[in-house]
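Chemist: Next come the chains, spelled out residue by residue.
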Amino acid sequence: AQSVTQLGSHVSVSEGALVLLRCNYSSSVPPYLFWYVQYPNQGLQLLLKYTSAATLVKGINGFEAEFKKSETSFHLTKPSAHMSDAAEYFCAVSDPLTGGGNKLTFGTGTQLKVEL
Amino acid sequence: DGGITQSPKYLFRKEGQNVTLSCEQNLNHDAMYWYRQDPGQGLRLIYYSQIVNDFQKGDIAEGYSVSREKKESFPLTVTSAQKNPTAFYLCASRAGTGGIESQPQHFGDGTRLSIL
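Line order of the protein sequences matches chains L and A. Just so you know, we're using the working numbering here: the first sequence kicks off at 489 and counts up by one. Just so you know, we're using the working numbering here: the second sequence kicks off at 619 and counts up by one.
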């Protein structure tokens, strides 16, 4: 079964510093990968997705992620953090071979705190 | 604007009572999902539906029931058999064409259920 691991349930950065949120997956084949952001008491909003077209994926709000097959990773980065980036971030995977194409498997989330 | 509407935003359940959470989408999506979110546990799939009049159990279906009589609607009933229903419930939908596995899920803003 596929799984997603997000290292670090809480990450704190200074405003203007690099943001790095880690995501590793386990899948028998390169999966489809997604990053979502959730603000308090709201639903999840799609930041970006990897669907094999390009390994470096650019998303909204200045975020990007790089798919590394050799490391089974899909880490999320942003060069300069802004206070408005404080939220919870979820990595999710969809395996194209299991027939579970209707199901996403989510990581447990990383809470990002941005400090002045 | 197209989107997913969940209602109510907050819901309270008495002991032994069934309650129904509403989810409506106008995105013309074929697939719909219900997730339960608890702090530190990410999102767990309760039920999903790929087409009208058909649905499948997710990972934590016990104590829940759903129906899919219309493409736009996928209500979730939390029954009295669910002994720990306090959580944030999220509804999502996904386009059913063009390789569903690569399509992201779109989320509503959630319903927070609490026990009186």
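Take the hints with a grain of salt, since some may be wrong.
[To be verified] Below, a list of computed lysine-lysine pairs in the BS3-like style, where the Cα atoms sit at most 30 Å apart:
1. A:K632 / A:K675
2. A:K632 / A:K701
3. A:K689 / A:K627
4. A:K627 / A:K675
5. L:K557 / L:K601
6. A:K688 / A:K675
7. L:K537 / A:K632
8. A:K701 / A:K627
9. L:K537 / A:K689
10. L:K556 / L:K537
11. L:K601 / A:K627
12. A:K701 / L:K537
Keep in mind that the hints were calculated from the coordinates and are not lab data.
Chemist: Against this structure, judge whether each hint is valid.
Modeler: Each hint tested on the structure:
no. : hint            : in the structure
1   : A:K632 / A:K675 : holds (25 Å)
2   : A:K632 / A:K701 : holds (11 Å)
3   : A:K689 / A:K627 : holds (22 Å)
4   : A:K627 / A:K675 : holds (24 Å)
5   : L:K557 / L:K601 : holds (29 Å)
6   : A:K688 / A:K675 : holds (18 Å)
7   : L:K537 / A:K632 : violated (41 Å)
8   : A:K701 / A:K627 : holds (21 Å)
9   : L:K537 / A:K689 : holds (26 Å)
10  : L:K556 / L:K537 : holds (14 Å)
11  : L:K601 / A:K627 : holds (26 Å)
12  : A:K701 / L:K537 : violated (36 Å)
When the structure is compared with the earlier hints, violations turn up for hints 7 and 12 and for no others.
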